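*Asks:* Here's the letter readout for the chains.
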Amino acid sequence: MRTATQPSLPGKDDITRTVLSNGITVLIRANYNSPSVVIGGYIFCGSLFDSDEKLGLAAFTADSLLRGSRKRNFQKIFDSLESAGANLSFGAGGHTVGFTGRSLVEDLPLLFDLLADSLRHPVFPTEQVERLRAQILTGLSIRAHDTADMAAITFDQIVYGSHPYARPDDGWPVTVQAITRNDLIDFHRLHYGPRGLVIAIVGAVNSETIAEQVETVLGTWHNPSQPDLPILPELKPLKKIVTRKVKIPGKYQADLVIGSSGPRRKDLEFLPASLGNSVLGQFGMAGRIGEVVREKSGLAYTAMSSLNAGIGPGTWEVSAGVNPGNVQKARDLILQEISRFVEKGVTAEELADSQSNFIGRLPLSLESNAGVVGALLNMERFDLGLDYYRHYPEMVRTVTPVGVLAAARKYLHPEKLAVAIAGP
Amino acid sequence: MKKNYSTHLLNNGLKVLLKEIHTAPLISSWLWYKVGSRDEVAGHTGISHWCEHMQFKGTPQFPASILDRAVSRDGGMWNAFTYFDWTTYFETMPADKIDLSLRLEADRMINSLFEEKEVSSERTVVISEREGSENEPVFLLSEAVQNAAFRVHPYHHEIIGDPPDLKSMNRDDLYGHYRTFYIPNNAVMSMAGDFKTSEMLPRIRELYEQIPAGRIPPRVAREEPVALGEHHLTVEGPGETSYLDVSYHAPAADDPDFFPVTVLDSLLAGPSSLNMFGGGGISNKTSRLYRALVEKELAVSVSGGLVATADPFLYSVVITVHPNHQPEEVLAAFDDEIMRIQAEHTLSREITRAIKQARALFAYGSENITNQAFWLGHAEMFSSYDWFLNYLENLAKVTPADLQRTAQKYFRPQNRVVGTYHPTGVKV
Chain Y
0 MRTATQPSLP GKDDITRTVL SNGITVLIRA NYNSPSVVIG GYIFCGSLFD
50 SDEKLGLAAF TADSLLRGSR KRNFQKIFDS LESAGANLSF GAGGHTVGFT
100 GRSLVEDLPL LFDLLADSLR HPVFPTEQVE RLRAQILTGL SIRAHDTADM
150 AAITFDQIVY GSHPYARPDD GWPVTVQAIT RNDLIDFHRL HYGPRGLVIA
200 IVGAVNSETI AEQVETVLGT WHNPSQPDLP ILPELKPLKK IVTRKVKIPG
250 KYQADLVIGS SGPRRKDLEF LPASLGNSVL GQFGMAGRIG EVVREKSGLA
300 YTAMSSLNAG IGPGTWEVSA GVNPGNVQKA RDLILQEISR FVEKGVTAEE
350 LADSQSNFIG RLPLSLESNA GVVGALLNME RFDLGLDYYR HYPEMVRTVT
400 PVGVLAAARK YLHPEKLAVA IAGP
Chain V
0 MKKNYSTHLL NNGLKVLLKE IHTAPLISSW LWYKVGSRDE VAGHTGISHW
50 CEHMQFKGTP QFPASILDRA VSRDGGMWNA FTYFDWTTYF ETMPADKIDL
100 SLRLEADRMI NSLFEEKEVS SERTVVISER EGSENEPVFL LSEAVQNAAF
150 RVHPYHHEII GDPPDLKSMN RDDLYGHYRT FYIPNNAVMS MAGDFKTSEM
200 LPRIRELYEQ IPAGRIPPRV AREEPVALGE HHLTVEGPGE TSYLDVSYHA
250 PAADDPDFFP VTVLDSLLAG PSSLNMFGGG GISNKTSRLY RALVEKELAV
300 SVSGGLVATA DPFLYSVVIT VHPNHQPEEV LAAFDDEIMR IQAEHTLSRE
350 ITRAIKQARA LFAYGSENIT NQAFWLGHAE MFSSYDWFLN YLENLAKVTP
400 ADLQRTAQKY FRPQNRVVGT YHPTGVKV
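Protein chains in written order, with numbering that gives the first Met the number 0: chain Y, 0 to 423; chain V, 0 to 427.
With the rest of the complex left out, here is chain V (with noise of 0.2 Å):
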């Protein structure tokens, strides 16, 4: 694939990837940090979330209500997502209104105030975020069978964090994450759109080069260790639905074994979407597990989702069960699809066809610049942008036989956390 964007150092340690597509005069800028939930322990869950809230709280220079004002009058779009292991910061803005982002985003590596009383006032907001997912049957289960999952690892804990942690830690706790992880050795930008990188770079260059660099914290390194039994747990709660959360301990982005996982997963449970901007999905009413639950009325849904991270995460399928049926006949349905996928060669013409919805996938998502900028940059936060790259490739190089070994080893029981949701079964 002939190389079109391109990959730049600075003095300071911050990557840059910059790639010219002048199809619309928008132009998309993200900054990337690696720190996320994995990088938290215990007493302070959460924090990089809260921390990236705080960030909209302004700089001496960037006031919160002038920030927001800036960005919001030029018609852009911003926002800014906390994950696993990473926490970015996008702008998508009209071409020739960029360099606000470029110098807000520059400003708030290193200034931001954190004032002990917008840290009063978020806390209520983040907890209120809180209970609003805690309102939703499938968080609840959803949390319950991540924490089972992961005794040792940092995954264990939501993103989110855990109320405790998010009624006790203080503005100094929060504005000491910020200085250790926001530093230029430690981030990535990313821009896509439509510009000229001989004139973006020098720019880039006089922003952020005079930000210092600092000591990156050593990553928080629990491996999670091989678990000795399938682990069945259940969450009550309002309504009258009952869900299944079938979760598999599955291999990191950048291991091998992530591409047939892929492929299996699209087998099973049809096709993911990997695009966070716009290009929408494609349904699963053929895929195996739709067939075998839906179709046989077991459940009225499946869905499936593998999530590209740097340590080895969950491969989970979610079931929202029919009304006539337990969730146990639904579990033995299920396992019975788990197995025929284990016993039997897939046939190359499925494979084919999950190569075929990744590559018009991938075409949907190439049509947005915010989308674009993204990949840039999220790939690096767990592998390389070639990663993103050579995605199409690597799915094509995926054989019968990987499929069968990699079901084999990764679905077992053994390695899996099933929860189910049980409803209180009070009509409103």
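So here's chain Y without its partners, still in its complex pose (with noise of 0.2 Å):
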């Protein structure tokens, strides 16, 4: 019962890709369905350059971005975005700090301005920075008596163990209490710049005028200190079943997470673990997993696994929350699946459902200009080609039980795994 055009998936063809004269990789696709545009994009300087005694740092500048500028102060940078219906945001991660914007398409020249501005001319106002740093540390708080952040956090603990990935990229309250307003002056000076950042924009707008716009308000940009990434010591993987709890009195529920290190997302193996991960904890009502906690046993609301790829090793986990009492037996069940998953690996028939899956939802997740946006910051981020969406398809197909089971045994094994538990 279609009958319309179909707008084909991203590729070379419809992607304006443009690198500026200081390094800065501008992407653009245009949609003309939609009055809005959006933004997103990263710049190479997230946790891994915080010390461990002043963990949050990046963190911390990057949430400080919008809180004032040369040009505006922070009523000012909020009026003009709330005004106009817009929003601009900041956020760290382990590699990058990301950034994520959107508008009415008459607003994108806002945008860029508010973009350029906060990226390059943060002045972090002393009552700005206090009262920011009192709004993390109850974030911090609450994190501490929130049972699902505190489960993932013990789990990269034991996963990473002395790896830099094992800290959590917003610190730790006497950490952020460590850093001064100096520090976010200097980190900002030493690690910002061109080099290396990526800007993706999808919307109504014509990929030309979009360039040159972003040419100037940020092509000026130089800063020869920005420094290479730091080089990450090998992963040591687990030896023994490591089992952590974290006491959280008064809680109803309690979470777990069980699972060791995943591939890096340009590994071979990243398809054929995720195509078996899905079979293991996505797939319909959350996989085997789902049927097996949830469906058959009724022990949980939410029961899953997921694959969790970046630049490093990343993690295989499965978690679920269950009441305190059913922790054990739902920690059993799936110890029982992950060593059925090793053991025998996935049939012809449920890779291929998954197959059918990952196929079949390709025009669902690029539907919308931030669905897109996500698309193209994924293809530039890890080197996949801008074609990559147009042979995603075929890529999938070619995944073999095989393949999946190699994957599985690579870096599943039932003997060495992670178990973090938090709860009453």
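It should be emphasised that the hints constitute simulated quantities derived from the structure, not laboratory data. There is no bait here: all hints are sound.
When the alpha-carbon atoms are kept at most 25 Å apart in a straight line, the in silico PhoX-like pairs for lysine-lysine are as follows: (1) 409(Y) / 238(Y); (2) 116(V) / 328(Y); (3) 2(V) / 355(V); (4) 56(V) / 328(Y); (5) 11(Y) / 265(Y); (6) 239(Y) / 328(Y); (7) 75(Y) / 284(V); (8) 295(Y) / 116(V); (9) 295(V) / 70(Y); (10) 295(Y) / 56(V); (11) 166(V) / 328(Y); (12) 415(Y) / 328(Y); (13) 295(V) / 284(V); (14) 295(Y) / 166(V); (15) 195(V) / 2(V); (16) 75(Y) / 295(V); (17) 75(Y) / 355(V).
So the derived label-pair ranges between C-beta atoms look like this: (18) 120(Y) / 404(V): 41 to 49 Å; (19) 323(V) / 179(Y): 13 to 21 Å; (20) 395(V) / 230(Y): 55 to 63 Å; (21) 246(Y) / 280(V): 34 to 42 Å; (22) 197(V) / 399(Y): 42 to 50 Å; (23) 400(V) / 29(Y): 41 to 49 Å; (24) 202(V) / 392(Y): 25 to 33 Å.
Below, a sample of chain V positions facing chain Y; criterion: calculated Cβ distance under 7 Å: (25) 25; (26) 68; (27) 284; (28) 296; (29) 359.
Computed from a predicted structure; not experimentally measured. For every residue, glycine included, the Cβ atom is placed at its ideal position computed from N, Cα and C.
Combine the two chains into a complex, taking the hints into account.
*Replies:* The following block contains the structure:
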């Protein structure tokens, strides 16, 4: 019953990719079906640059960017944004600080100006820095009482050990208290610059004009002091099952996370592992994990697996929220499913289901401007090529049950897993 | 506004709204039932939501494992939601796969099994869902506030239900609820996406018109009496952070006052996104309460919420209290802002700004076909789709005098419940 034009998946012929003279990469795709524009991007100045003593510095710096600039104070920045019905935000991860913004197409120049101003000329007003510090510390206090957050942090600590990925990007109360305003100024001066900065723009825009606008606001930015990314140590694999519990009194439910390290996004095993993960704990009502933990045993409302792959080693994990009295039972069922998965892999039929799901859901994931921005940034960050989504169905189809089994056996070892539990 | 959708009433009373959108090869189809937590009585609280869970447990034609496998294999997204006034099921599928959605929804309107063993395992899943919410201080507080605000009206209880009822309801209760309310003349289908109405409508008729109509049960209509005074309550629980929930009785969605109160919310706590899918929101850092509470370091965050309901519900402001201050100080500063908005004429440019924000949020939501189909049906649950189409126009008609009048009418102490979450303060 389809009738209409089917927009093609993004590819070389409809993405404009420009590299400015100062190193900024600009990706643009027009979509005239929407009166709005979405921008997104990243810059390599994440928490990997933080010392242990001042962990949270990168995140604090990113959160401070919109607190005042040379041109505008805090109220003026947000008055401009909110009066236009626009939004702009920054957030730090391990490697990068990401930004995202959205506006009606008529307000895009304003959004660019605010983005450039906050990236290049933040002034970190003392009053705003202290106000923000109190907000961050309250957030950390709430996090300390959140069973899901604490289970996730504890899981990363077990899996990554002495590797910097073990550290939470937001830091700890004591490390955030130690950060001074001068630290923020220095971090920005040293790490923020055009090298490695990527920006994607999708919406009712003309690619040529937009590239010029980006050039105007960001093209003259230079920072010779931008350091290279720190070299990360090798990840030491677990040698046995390591269990750690965080007691959070008074809670009604416990969260548990079980798993190990996983592939990098660029590793060949990523796609087979991703399809295997779908069978394990995603497909339909959360795959085999959902079937065993939720549907058959009624132990949890949320039970699923996830594969988190990025620049460095990722994680492959199963998580569930269960009644405190059922933690052991849920743990045993999950370990049993992981063992079965690693021993027998997936059936041809299960794999075909997930392959069909991966291919079939593409139009839905790329329907909105935000979805396409995410896809463009994904292709750029992991060097996948601008035709990645055009080749994607073919790549998904070539994965075999043998490939999935090999990926599962490479990363998941039932006798060497991290088990993190947070609850009463 | 040019009409770009069509409405059809099937012989059995099923209302169908269709909107062609040919921007992506997708179709989103929703089936709405006029049943929700407000149709429940004590002893059966949470039955609508549990019933929604049971709708994923299969029919003879589509056993549970087949059902979700079929939708997922085609790359579809599907889910269901239970609210105060309604329960809804949706599938967003690649356009050439939508027939599966039509067949399965027609099937489970009448043929769901509600097997005893499935009821039993789903009981603990629902209890687990509730326990997950109970981990959140703001849930505990808002539940207490809601309970206190409605002594008589069935908006009294949380949608998920009270624990004793979740432990005691049985298969017959659930199946009876299903058979009573899941009838075509108590339902609305809304569909948006890449189809031709001339082809889609006959197919819908073919699948749905054979389902017999039933007797629509009267809705529980116990009007909440006017409160006789301000109500304060406290909730204690784990954590180190205090919260305030100040909730005023608010107008129903189709009350003309709903629009000025929407603008008041925007001025006080920032614009709320109406979109359920996609679009994101707009920050609230220039809103009056943010300036008065967060910028003055009495609070670390503030948010407002006004929801579109069939009967009058609540306008709630939730505040995370700054660690160096007491909730009482925050409430005093909050009240100053309320008095200010009641006493002064709002500038018309502030209203113009609120309209621009609403227009932007509309534009963001329109990118998403699932969101478009959602609105096509959702507005029918408390008014009609015209409510949604005229929304921006009605906001634009709001005057400074309307704002002052409605602020004085609704934001009275006697019309509110003030809830405070006191953390027991155990450091982790």
